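J.: Take a look at the letters that make up each chain.
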Amino acid sequence: MGIEFGMEQVWVLPAIPAALFIVLALLNPLLPRRGDFLAALGMATVVGLVFLVLVDYTSVFNGGHFEPDGTNVFSFDWVNIGQGFFIIEFSTFVDGITMVMLPVVTIVATMVIVYSVGYMHGEQRYGWYFAVLCLFVSAMLTLVVSGNLIQLYLAWEGVGLASYLLIGFYWERQSAAEAAKKAFITTRIGDVGLLIGIILLWRATGTFDIQEIIAIAKAGQIDETYLTVSMIFLFMGAAGKSAQFPLHVWLPDAMEGPTPVSALIHAATMVVAGVYLVARFSPVYAEVLIARDVILYVGLITAVMAASMGLVTSDIKRVLAYSTVSQLGFMFVALGSGAVGAAMFHLLTHAFFKALLFLGSGSVIHATHRQEVESLGGLRRKMPFTAAVFSVGSLALAGIPIFAGFWSKDEILHATLKDAPVAVYVTLAGTAMLTAVYTTRLVLLTFFGAPRDQHAFDHAHESPIIMNAPLALLAVLATVSGFLAFDQVGQALGLPGGIGANVFLEHAHHFTEPDYAFAGTATLMSLVGIGIGWAYWHGDSRRAVAARQWAPDLHALLVNRYYMDGLYQGIINRVILGAGSLIAWFDKKVVNETGVDGGAQAVSYLGYRLKFLQTGRIPNYAFGMALGVLALALVAIGNS
Amino acid sequence: MIPIENFLVLSGLLFAIGLFGVLSRRSAILILMSVELMLAGVAINFITFASYRDTEAFSGLVFALFVITVAAAEVGLALGIVLRLFRERRTANVDEASSLKW
Numbered sequence: 002m003g004i005e006f007g008m009e010q011v012w013v014l015p016a017i018p019a020a021l022f023i024v025l026a027l028l029n030p031l032l033p034r035r036g037d038f039l040a041a042l043g044m045a046t047v048v049g050l051v052f053l054v055l056v057d058y059t060s061v062f063n064g065g066h067f068e069p070d071g072t073n074v075f076s077f078d079w080v081n082i083g084q085g086f087f088i089i090e091f092s093t094f095v096d097g098i099t100m101v102m103l104p105v106v107t108i109v110a111t112m113v114i115v116y117s118v119g120y121m122h123g124e125q126r127y128g129w130y131f132a133v134l135c136l137f138v139s140a141m142l143t144l145v146v147s148g149n150l151i152q153l154y155l156a157w158e159g160v161g162l163a164s165y166l167l168i169g170f171y172w173e174r175q176s177a178a179e180a181a182k183k184a185f186i187t188t189r190i191g192d193v194g195l196l197i198g199i200i201l202l203w204r205a206t207g208t209f210d211i212q213e214i215i216a217i218a219k220a221g222q223i224d225e226t227y228l229t230v231s232m233i234f235l236f237m238g239a240a241g242k243s244a245q246f247p248l249h250v251w252l253p254d255a256m257e258g259p260t261p262v263s264a265l266i267h268a269a270t271m272v273v274a275g276v277y278l279v280a281r282f283s284p285v286y287a288e289v290l291i292a293r294d295v296i297l298y299v300g301l302i303t304a305v306m307a308a309s310m311g312l313v314t315s316d317i318k319r320v321l322a323y324s325t326v327s328q329l330g331f332m333f334v335a336l337g338s339g340a341v342g343a344a345m346f347h348l349l350t351h352a353f354f355k356a357l358l359f360l361g362s363g364s365v366i367h368a369t370h371r372q373e374v375e376s377l378g379g380l381r382r383k384m385p386f387t388a389a390v391f392s393v394g395s396l397a398l399a400g401i402p403i404f405a406g407f408w409s410k411d412e413i414l415h416a417t418l419k420d421a422p423v424a425v426y427v428t429l430a431g432t433a434m435l436t437a438v439y440t441t442r443l444v445l446l447t448f449f450g451a452p453r454d455q456h457a458f459d460h461a462h463e464s465p466i467i468m469n470a471p472l473a474l475l476a477v478l479a480t481v482s483g484f485l486a487f488d489q490v491g492q493a494l495g496l497p498g499g500i501g502a503n504v505f506l507e508h509a510h511h512f513t514e515p516d517y518a519f520a521g522t523a524t525l526m527s528l529v530g531i532g533i534g535w536a537y538w539h540g541d542s543r544r545a546v547a548a549r550q551w552a553p554d555l556h557a558l559l560v561n562r563y564y565m566d567g568l569y570q571g572i573i574n575r576v577i578l579g580a581g582s583l584i585a586w587f588d589k590k591v592v593n594e595t596g597v598d599g600g601a602q603a604v605s606y607l608g609y610r611l612k613f614l615q616t617g618r619i620p621n622y623a624f625g626m627a628l629g630v631l632a633l634a635l636v637a638i639g640n641s
Numbered sequence: 040m041i042p043i044e045n046f047l048v049l050s051g052l053l054f055a056i057g058l059f060g061v062l063s064r065r066s067a068i069l070i071l072m073s074v075e076l077m078l079a080g081v082a083i084n085f086i087t088f089a090s091y092r093d094t095e096a097f098s099g100l101v102f103a104l105f106v107i108t109v110a111a112a113e114v115g116l117a118l119g120i121v122l123r124l125f126r127e128r129r130t131a132n133v134d135e136a137s138s139l140k141w
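Chains as they are written, first to last, in the working numbering: chain A, 2 to 641; chain B, 40 to 141.
Bear in mind the hints are in silico, worked out from the structure with no lab data behind them.
All values derive from a computational prediction rather than experimental measurement.
Some hints here could point you the wrong way.
What the hints assert, rightly or not - Some but not every residue of chain B turned toward chain A, in silico, with C-beta under 8 angstroms:
#1 Leu62
#2 Ser137
#3 Lys140
Every residue, glycine too, gets a C-beta built ideally from N, C-alpha and C.
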C-alpha cells in the first residue's frame, strides 16, 4: 500500500463526509442524479478507511505497544487564551470504544444511503436529503473520535442539528415540524446539563482533554461530591440524546422523518451517543458509584416503560422507536452495572438489527403507504424477502440464540446478576421477555394473518434490489455480529486474544466460560415471550382484544404514554406560558409603555413647551447670547 | 505712563455701550453700529494687553488687525442683508422680521 492510513489519519474520516455535505448542499441541482452516487461512494470509501484504521489499531495491539486507555493520536491547539490558562485542543482519540463506534456508524450509514436511493426516489429535496445525511455522518464521526470535550460538544450539537433537519424533512406537514421542534428542545434540555458538566469538570481540572480529566478524577484529586454532581450533569446530556426517562418523549415523535433516517439516526447511531459518552467516562463513573446508580435506575425505568408502551402502539415505526428507547435503557443498565464491554457490544449488535428492522419497516411503508398495523397484515405473501429479513431482525431483538441480540443482551443480564441488586436482574429479564412479546406482535400483525386493508395489500410489492441489498447485508450482520466477541472468531481473523478483549475492553463471559443454565433461562424467557405474543396476536388477535377490555385503565395508561407528554404539555402551558405572559406584561407595560414610550412623550411635551422660547425677535437672541457670554466669563473668572 | 486701568475702562465702556445699543435699538443699522462699537472695545482691549504685558510678541496687535478686517467684512455682509430686508419689507426694523420662530 502506497499511502499509510491508520490511527494517525483518523481525522480524515469526518472530513470526507463534511466535504461531501458542502458539495451536495451547494451543487446538487447541477449534478446528475442530484449527487446521490457521490454520497454512497464517499461513504463506501469511509468504510474502507475505517477498516484500515481497525487493522492499524489491532496491529499496534499485536505488536505489544497497545495502551488499553488509548491515546491522543492527532492534536493541535485550537484556542489558547492566557498562556495555557484556557486551551481547547483539536484532537482525535482512538481506543476500543472508538473502534466499536466507527464501523457501526459508517456501515449503517452506507447501508442507509444506498437504501435511500431507492426509498427516496422521486421525493422533493432529494439532493438536500443526502447532503444532510453526510452532515450527520461527519458530525457523528467527529463525535466518536473527539479527544476533548469541547470538540465533542460541538459534534454533539452537530448531530442534533442534522437530526432536527431530518425529522423535519417533510416540514410542510405540521406534525413533522412539531416533532422536529420537540426533539430539538428536549435534547437541548439534556445538552444544557452536558455543558454544565463540561464546565464543572474544566473548573476542577483546568483541561478539556478527556483522558487528562479521567486521569485526574481517578487519582482522587477532585472532591467526591463535586465529581458526582458533575458526572450526573454529564449523564443528563447522555439521557437527552439517548432518549432516557424522563427525556425520552422526543424519540417516538422523531419517527416523522423519512424511515431510513429513523434507521440511521434514531436507532443505530445518534441515539447511542449518550451510551458512548458514558462509556467514554466509565473509569470516572467507576469512582462515583452514586452517579452510576442513577444511570442504572434511569436505564431500568426507561427499559421497562418503553417496552410496555411498545406493546400497545399501532404505528409500526413507533413500536420500533419504543423498542429502541427500551434497548438503550438496557445499555445504560449495563453501564450502570459497570459492564462497559456489554454495553458497547449491545450497541454494536443493536445498531445492526435495529437498522435492519427500521429499513424493513421502511420497505413495508414504501410498498403499502400504511404505517398502522391495523391496516397491514398478511404481507409475507406479497413481500417474502422483507418478511424474512424483518423476522431475522425480530429474532435478534427478541434474543433467540445464534442471532446477534441474544449474545449482547445475555451479557447485560449477566452483568446485572453479578453486579446489581437481584431486583434489577429480575426486572430486566422480565423486560427482555416483554421485548419478545411486542416483537412477535409486530411481526404477526404486519406479515401474518389476513390483510386488514385490501387496497393496501393489493398495492403492495417487493422492493427494488437497491433497497433489498442493504437489507440482506444487515440481516447477515444481525445474525453473525454476535460471534465477533468469541475469542476463536477473533483469533481466526488474526487477532490473538480475540476481539472481545481487544475491542470491548474485557472478556465477555459467554466466550470464556459458558454458563448454560444462565443462557438457557434467558432463551426460555424469550421463547415464552414469543409464545405469549403468538397466543395473543395470531389470527384475529381475539385474546389481545379481550385483554384490552379486561384492563382498560392499564391500556389507556400505556396508549397515553404514561401521560407524560400531557404532563409536559401541561407544564409548558401553565408554568412556562404563565411566566411568559407575566414577562410579556412587564415588557409591554413597564419597559415599553413607561420606559420607551414615556420617554418619547416627555421629550415631545418638553419640546412643545420650550418651542415658545423661539420668538424670532433678534434682540431676544442677542440677549441670550449676552447672557451666555456673561456666564462663560463668570466661569472663566471662577476658574482662574 | 498712563495706567493700564484707563484703557481697560475705556474698552469696557465701549463694549458695554455697544451691548446696550445692540439690545435696545430696533433699527438694523443702529444695531450694526453698536456691534462696531463692541468690536472697537475688544480691539482696544487687545492692544492694551499687547503693549503693556506682551511687548516681545505681536499676537495682540495682529489680533486687533484681524478684528478690524473681520469687522469690515461683516459690515459689508450685514449691510447687504439689511438692504435686502429693506427691499422686502420697506423697513429696517428688526422686530418686523420675526417670522423665523415656532
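J.: All hints are to be evaluated individually against the structure, with a verdict given for each.
T.: How the hints compare with the structure:
Against a cut-off of 8 angstroms between C-beta atoms, the interface hint on B/Leu62 holds, since the closest Cβ of chain A lies about 6 angstroms away. The closest approach between the C-beta of B/Ser137 and any C-beta of chain A is roughly 4 angstroms, which is under the 8 angstroms cut-off, so the hint is satisfied. This hint holds: B/Lys140 has a C-beta 3 angstroms from the nearest C-beta of chain A, less than the 8 angstroms allowed.
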